[in-house]
Amino acid sequence: KVSAKLCPALWLTPLAGPGTVLAECAEGALAMEVPVGKGRVLLIGTYLGENNRDSAELERFATALVSGAGVEAPASVLDPLPDKRNFVQLIAGRSDAKRVLFVFFPRETRCDTATLRLAPSYMENGALRDAVSGNMMEVSNGRVKVKNTDLAFSLLVEA
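The sequence shown begins at 1 in my numbering and counts up one residue at a time.
Just to be clear, a hint being listed does not mean it is correct.
Pair by pair, the computed Cβ-Cβ distance ranges are [claimed, not checked]: (1) 25 <-> 95: 33 to 39 angstroms; (2) 141 <-> 37: 38 to 44 angstroms; (3) 112 <-> 138: 14 to 20 angstroms; (4) 110 <-> 17: 44 to 50 angstroms.
Straight line, CA to CA, 30 angstroms or less: simulated DSS-like cross-link-like pairs of lysine-lysine [claimed, not checked]: (5) 147 <-> 98; (6) 5 <-> 38; (7) 145 <-> 98.
It should be emphasised that the hints constitute simulated quantities derived from the structure, not laboratory data. Every residue gets a Cβ at the ideal spot worked out from N, C-alpha and C, and that includes glycine.
Could you put together the complete structure from these sequences and hints?
Here it is, written out as structure tokens:
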């Protein structure tokens, strides 16, 4: 079951009605899953980004929603696991025809490396270049170890 304690930011519209509450605050339900026909719809009654931007709770919540919908994330963090104070955040995308992966390291506590799992269909050629450090990295068994930089982020690009 997906559930979370999140902090609303703007446009708070607590939800009510039939469905499963997925996230709530003192004012009521912030996110609900509502059955519609043969599927389901996720309703979110606030903007969650700003107040939860550095929140491992929001990261866990979003990851659970995506995997619960049967979608395989392009990448996930195997180590270090997120905690209440910090976590490694991933943002996947494309630049021209190449796949890219931003790896944001926590600034509050020093995290020297992160071990990532890449989906089989993501960055298939097995070689990555960190555009920040210039280092080449090899993907082995769908895993790659990324070193932190002075900027606290890395940008992995298909080599």
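(request) Could you check the structure against the hints above and give me the numbers of any it violates, in ascending order? (result) Violated: none.
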